[in-house]
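A.B. asks: Chain residues, written in single-letter form:
2 protein chains.
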Amino acid sequence: MSKANLFYAQSGGVTAVINASACGVIETARQYPDRIGTVYAGLNGIVGALREELIDTGKESAEAIAALRHTPAGAFGSCRYKLKSYSENTREYDRLLEVFRAHDIRYFLYNGGGDSQDTANKIAQLSIEREFPITCIGVPKTVDNDLPVTDNCPGFGSVAKYVAVSIREAGLDVASMCESSTKVFVMEVMGRHAGWIAGAAGLASENEGEPPHVILFPEVTFDREKFLARVKDCVNEYGYCAIVVSEGVKGPDGRFLSEAGGTDAFGHAQLGGVAPMIADMVKQEHGYKYHWAVADYLQRAARHIASKTDVEQAYAVGRAAVEFAMAGKNAVMPAIVRGEGGEYSWSIGEAALADVANVEKKMPPSYITDDGFHITDDARAYFAPLIRGEDYPPYKDGMPRYARLDRVLAEKKLETWG
Amino acid sequence: MSKANLFYAQSGGVTAVINASACGVIETARQYPDRIGTVYAGLNGIVGALREELIDTGKESAEAIAALRHTPAGAFGSCRYKLKSYSENTREYDRLLEVFRAHDIRYFLYNGGGDSQDTANKIAQLSIEREFPITCIGVPKTVDNDLPVTDNCPGFGSVAKYVAVSIREAGLDVASMCESSTKVFVMEVMGRHAGWIAGAAGLASENEGEPPHVILFPEVTFDREKFLARVKDCVNEYGYCAIVVSEGVKGPDGRFLSEAGGTDAFGHAQLGGVAPMIADMVKQEHGYKYHWAVADYLQRAARHIASKTDVEQAYAVGRAAVEFAMAGKNAVMPAIVRGEGGEYSWSIGEAALADVANVEKKMPPSYITDDGFHITDDARAYFAPLIRGEDYPPYKDGMPRYARLDRVLAEKKLETWG
Numbered sequence: 001m002s003k004a005n006l007f008y009a010q011s012g013g014v015t016a017v018i019n020a021s022a023c024g025v026i027e028t029a030r031q032y033p034d035r036i037g038t039v040y041a042g043l044n045g046i047v048g049a050l051r052e053e054l055i056d057t058g059k060e061s062a063e064a065i066a067a068l069r070h071t072p073a074g075a076f077g078s079c080r081y082k083l084k085s086y087s088e089n090t091r092e093y094d095r096l097l098e099v100f101r102a103h104d105i106r107y108f109l110y111n112g113g114g115d116s117q118d119t120a121n122k123i124a125q126l127s128i129e130r131e132f133p134i135t136c137i138g139v140p141k142t143v144d145n146d147l148p149v150t151d152n153c154p155g156f157g158s159v160a161k162y163v164a165v166s167i168r169e170a171g172l173d174v175a176s177m178c179e180s181s182t183k184v185f186v187m188e189v190m191g192r193h194a195g196w197i198a199g200a201a202g203l204a205s206e207n208e209g210e211p212p213h214v215i216l217f218p219e220v221t222f223d224r225e226k227f228l229a230r231v232k233d234c235v236n237e238y239g240y241c242a243i244v245v246s247e248g249v250k251g252p253d254g255r256f257l258s259e260a261g262g263t264d265a266f267g268h269a270q271l272g273g274v275a276p277m278i279a280d281m282v283k284q285e286h287g288y289k290y291h292w293a294v295a296d297y298l299q300r301a302a303r304h305i306a307s308k309t310d311v312e313q314a315y316a317v318g319r320a321a322v323e324f325a326m327a328g329k330n331a332v333m334p335a336i337v338r339g340e341g342g343e344y345s346w347s348i349g350e351a352a353l354a355d356v357a358n359v360e361k362k363m364p365p366s367y368i369t370d371d372g373f374h375i376t377d378d379a380r381a382y383f384a385p386l387i388r389g390e391d392y393p394p395y396k397d398g399m400p401r402y403a404r405l406d407r408v409l410a411e412k413k414l415e416t417w418g
Numbered sequence: 001m002s003k004a005n006l007f008y009a010q011s012g013g014v015t016a017v018i019n020a021s022a023c024g025v026i027e028t029a030r031q032y033p034d035r036i037g038t039v040y041a042g043l044n045g046i047v048g049a050l051r052e053e054l055i056d057t058g059k060e061s062a063e064a065i066a067a068l069r070h071t072p073a074g075a076f077g078s079c080r081y082k083l084k085s086y087s088e089n090t091r092e093y094d095r096l097l098e099v100f101r102a103h104d105i106r107y108f109l110y111n112g113g114g115d116s117q118d119t120a121n122k123i124a125q126l127s128i129e130r131e132f133p134i135t136c137i138g139v140p141k142t143v144d145n146d147l148p149v150t151d152n153c154p155g156f157g158s159v160a161k162y163v164a165v166s167i168r169e170a171g172l173d174v175a176s177m178c179e180s181s182t183k184v185f186v187m188e189v190m191g192r193h194a195g196w197i198a199g200a201a202g203l204a205s206e207n208e209g210e211p212p213h214v215i216l217f218p219e220v221t222f223d224r225e226k227f228l229a230r231v232k233d234c235v236n237e238y239g240y241c242a243i244v245v246s247e248g249v250k251g252p253d254g255r256f257l258s259e260a261g262g263t264d265a266f267g268h269a270q271l272g273g274v275a276p277m278i279a280d281m282v283k284q285e286h287g288y289k290y291h292w293a294v295a296d297y298l299q300r301a302a303r304h305i306a307s308k309t310d311v312e313q314a315y316a317v318g319r320a321a322v323e324f325a326m327a328g329k330n331a332v333m334p335a336i337v338r339g340e341g342g343e344y345s346w347s348i349g350e351a352a353l354a355d356v357a358n359v360e361k362k363m364p365p366s367y368i369t370d371d372g373f374h375i376t377d378d379a380r381a382y383f384a385p386l387i388r389g390e391d392y393p394p395y396k397d398g399m400p401r402y403a404r405l406d407r408v409l410a411e412k413k414l415e416t417w418g
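So the protein sequences, as listed, match chains V and E.
Numbering of the first sequence is given in the numbering used here, commencing with residue 1 and proceeding in unit increments.
Numbering of the second sequence is given in the numbering used here, commencing with residue 1 and proceeding in unit increments.
The set of hints was computed from the structure by calculation and includes no laboratory data.
If you're wondering where the values come from, they're calculated on a predicted model, not measured in any experiment.
Check the hints yourself; a few may be wrong.
What the hints assert, rightly or not - Distance ranges between label pairs, derived from CB positions: (1) 341(E) to 228(V): 53 to 63 Å; (2) 401(E) to 237(V): 22 to 32 Å; (3) 401(E) to 192(V): 28 to 38 Å; (4) 180(V) to 289(E): 33 to 43 Å; (5) 341(V) to 193(E): 52 to 62 Å; (6) 259(E) to 370(V): 40 to 50 Å; (7) 90(E) to 253(V): 56 to 66 Å; (8) 286(V) to 251(E): 24 to 34 Å.
Said to hold, decoys possible - Result set (DSSO-like, lysine-lysine): computed pairs, CA atoms no more than 27 Å apart in a straight line: (9) 283(V) to 82(E); (10) 283(E) to 82(V); (11) 122(E) to 3(E); (12) 289(E) to 232(E); (13) 82(V) to 289(E); (14) 84(E) to 289(V); (15) 84(V) to 289(E); (16) 308(E) to 308(V); (17) 289(V) to 82(E); (18) 396(E) to 308(V); (19) 413(V) to 82(V); (20) 3(E) to 412(E); (21) 84(E) to 362(E); (22) 82(V) to 329(V); (23) 3(V) to 412(V).
Just so you know, even glycine gets a beta-carbon here, dropped at the ideal spot from N, CA and C.
Kindly generate the complete structure, drawing on both the sequences and the hints.
C.D. replies: This is the structure in C-alpha cells:
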C-alpha cells in the first residue's frame, strides 16, 4: 500500500482523557512511517477540515505528544458541529473530500460521541460512492457513556471517579457540621439524557448511611412528596442528607426541573441549575439549612483525579483506531469489551459505525433501586472497575503541568471556505 | 507536674486538613504518657463539652489516628457555635469548667478561626479568675486565611490548590470549545469577606492569556461596565474568558451581588449564587454562551488534591499546640512564620490569643492589579509556596480511604445539659 496522510479530529464536549486518545493515535501512527505520512489534526475539530486549518502534528515533539496522555480537554480544539446528511449539505461533504484530496489524506479518524460516529459513517459511505478511498475509523469518547456496543466510553470513568470522590468528601464535610449547621447538601452533575454520571456517584456510599443518600436520575420521574419524605428520613436517621442530582431530572410534566423555576425580577428564566432549586424545595418544606454545588466543567476536565482505567482505555482506543486502519478495516470503531468472570478485564473489540451512529445507550432499569433513589449491586459491579486506579499528571510548583502544543498549521492549498 | 487529661475540639467550617491537626495533637499527646492521660475530643466541637459528649480518643487505634492525616472534614464533628462573653452567658462557662473538672481536663485545645481563638482566650482568662488551672492553646484553622499574626492558615493552602487546579482544567475545556460553543465560564469560590481564595485561583494563569482572565474580589467594588468591557476584550483576544468570582463580591451599594438578584416566580429570593448571575449578565450584554460552576463544599473538602505544604503545616500546628502546653505556655496559638529569603521556608512561632481573637486579616491592596481583575507578582510570591507539593490519600478500588473512627464516648458524670 502506498503512503498517505491521516486526519484526526476531536468532536463535541471534551473530557479529561480525550487527549489520551489523541496521544494513542499519534504515537501509533508514528510507528508506521512507511504507510502514514503526516498526522493532521483538525483545528477545532471537523471545522478545521472545512476551513483547511490542519495542525501538522509532525511539528510537535515526542515529549509534547506524550504529555497529551495526562492533559485534559481538547488540545487541538473541538467543536459542536454536526454535519447534516449528504443530500441536505452536499457542499460541506464535497469540501471535506476536496481538502482530503488536496492534502493526500486517506485516513479519517473522528474522536467523538454518537453524532460524530454518524458523521464518520457518512464520510465512509461517500468515499465509496465517490470512489475516493478514505478509511474512516471512529474513536469513542463521551462523558455521557451513552454509546452502544462499547461496554463504556472513554471519558466516563474519570468523570465517574470525580463525582464519587467529590460527594464522599463533601459528604464528610456535611456530616461534620450537621449538628448545628448545614443538614442538606445537593451536588448537581452532568447527564442530560441518562443517569450514568449520577449513578456512578453512588459508589461513594459503601455502607448503610454513607453519602450520597439520595440520587435523582433522569430515568426516574421526580416525585416531590416522595423525595421530601426521603430527605426527612435521612436527616432523622443520619443527621444529614447528601443528594446527587442529575441535570436531566424531569418532573411529571416531562420538562426538565431546571426549566420549571420561573423567572427572576428582570423576567429572565431562573438562572440557577437544578441543584439550588432542589435545595430550596427542601428548605421550604423542612426548613433545613442547605448548601449546593454545581460541578459543571470541573467534573469533565478533572484530569487531576482521572481514572487510570479510563486513561488506559482512552489511549487504547486511539491506538486501536490506527491499527484498524492499518489492517484495512473501514467504517468501524474500537469498542471496549468487558471480559467474563469475576475479575474485571477488558479488551478492544470492533463496532460497525452503522451500529453506533445516533444510538443512545440508556442506563438499564436494573441499575436503579426500587425506591428510585440509589444504585443497585448490578450497577456497582458495572461502575466500580471503571474508576479504578489513579493516574496523576506531573506537577511543578504545586500545579499540574499540561501539554502545550505549537499547533503549527499546514500551508493552505485551497480557496478560503466560508 | 501531675498528669491530667486534654480536651480537643474542632470548630467552625471544616477543611481538608483540620484532621491533620487533630492527628498532630493526638499523636504528640501520646508521646507524653506521664503528663497527658486521655485525649478527649468534643463530639461536634465545643457543644460536645457542654453536653459532656467526650470522645475517648484513647479507644482509637494508632492506625485510625494516623489516617486522620489524610482525611478531610472534621472527624469528631465540628459546630457553628460561638460562646458569648462570660457576663452574658455565665452558665455556659460554668458548665465547661464543671465538665473539665469532672473529667480532670486541664488542657484545652481549640482548633478553629478567629471566633474560636476568642473563646479559647476567654476560657484562659476565666481559668485564672476562677483559680482552676486550664492551659488554653489555640490551633489555627480556616480556609478563609483571615487569622492575624500567622503567615497563613492551615486549610487555606489546600483550597487554594483546588481552585487553581480547577480553573486551569476548566479553562482548558473552555479553550477547546470556544470556537463554536461556550465562550464564558464563571467559577464561584468561597471567601465572603476577603479575596484570599479567589486570588489564589490566579496562580493558574502563568502566561499572558491563560485562565483565569478575570478575578472578581470582595475587596474591589463591582463595576458592571468595566467588567463587561474586560470580558469582551478577553473573548476578542483569547477566544474565551474564564472568570473566578468570590461569593463576597459587592456592588456599589455595598450589598453582596448574590443578594441583588430579585425573586423567582414563587417570591423566593434568587436561589443561584453569584456565578449564574455574573454569567447571565454577560449573556444579556454580549450574547456569549456561558457555563458556570459553584464549587461550594467541594473546594474545602477536597483532600484528594490537598497541598502537601498545607498538610504538613496543619500537622505541625497540632503538634506544636501540645508542645506549647507541655512547655507551660498558656493562652497562645502556634503561628506559621515565613522565613526570610528567596526560597520559601516556614517555622512555628507563637501568637498570643489576645492578638488573634476577633481580628480579621484582609488581603493587602498590593495583591490586586491596578485594573482590579487579577493578582500581582507580590500576591503570587505569597500564594505560590502554599500550594506546593501533593499529598495523596491512599486509594482502594479507585476511591480514597478515609479514616473511620469508633468515636466511643466517655461515661458521663454530670447531669444532662440543656
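A.B. asks: Against each hint, give a clear statement of whether it holds in the structure.
C.D. replies: So, going through the hints one by one against the coordinates:
1. For the hinted restraint 53 to 63 Å between residue 341(E) and residue 228(V), the CB-CB distance of approximately 59 Å keeps it satisfied.
2. About 24 Å separates the C-beta atoms of residue 401(E) and residue 237(V), a value consistent with the hinted range of 22 to 32 Å.
3. Here the CB-CB span from residue 401(E) to residue 192(V) is close to 33 Å, well matched to the stated 28 to 38 Å.
4. A C-beta distance of roughly 41 Å is found between residue 180(V) and residue 289(E), which places it inside the suggested range of 33 to 43 Å.
5. Checked against the given bound of 52 to 62 Å, the beta carbons of residue 341(V) and residue 193(E), roughly 57 Å apart, stay inside it.
6. Our hint of 40 to 50 Å for residue 259(E) and residue 370(V) holds, since their Cβ atoms are close to 42 Å apart.
7. For residue 90(E) paired with residue 253(V), a C-beta distance near 58 Å keeps the hint of 56 to 66 Å intact.
8. Range check, residue 286(V) to residue 251(E): Cβ separation about 32 Å, and the 24 to 34 Å hint holds.
9. Proximity of residue 283(V) to residue 82(E) is assessed by CA-CA distance (about 24 Å); at most 27 Å being required, the pair is judged to hold.
10. For the suggested pair residue 283(E) and residue 82(V), the alpha carbons sit about 24 Å apart, so the restraint of at most 27 Å is met.
11. At roughly 24 Å between alpha-carbon atoms, residue 122(E) and residue 3(E) fall within 27 Å of each other, so this suggested pair holds.
12. A C-alpha spacing of about 13 Å is found between residue 289(E) and residue 232(E), which places the hinted pair at or below 27 Å, so the restraint holds.
13. For the given pair, residue 82(V) sits about 18 Å from residue 289(E) by alpha-carbon distance, which is consistent with the 27 Å threshold.
14. As the CA atoms of residue 84(E) and residue 289(V) are separated by approximately 23 Å, the hinted pair is consistent with the 27 Å bound.
15. For the hint linking residue 84(V) to residue 289(E), the alpha-carbon distance of about 23 Å falls within 27 Å, and the restraint holds.
16. Proposed proximity of residue 308(E) and residue 308(V) is supported: the alpha carbons are some 22 Å apart, at most 27 Å.
17. Among the hinted pairs, residue 289(V) with residue 82(E) is consistent with the structure: their alpha-carbon atoms are about 18 Å apart, no more than 27 Å.
18. Only pairs whose Cα atoms come within 27 Å are accepted, and residue 396(E) paired with residue 308(V) is accepted, the gap being roughly 13 Å.
19. As the CA atoms of residue 413(V) and residue 82(V) are separated by approximately 25 Å, the hinted pair is consistent with the 27 Å bound.
20. Taking the CA atoms of residue 3(E) and residue 412(E), the gap is about 21 Å. The hint holds against a cut of 27 Å.
21. At most 27 Å may separate the alpha-carbon atoms for a hinted pair to count; residue 84(E) and residue 362(E) meet this at roughly 24 Å.
22. Distance hint between residue 82(V) and residue 329(V) is fulfilled; the C-alpha atoms sit about 24 Å from each other, no more than 27 Å.
23. At roughly 21 Å between alpha-carbon atoms, residue 3(V) and residue 412(V) fall within 27 Å of each other, so this suggested pair holds.
In terms of the numbered hints stated before, the structure departs from none.
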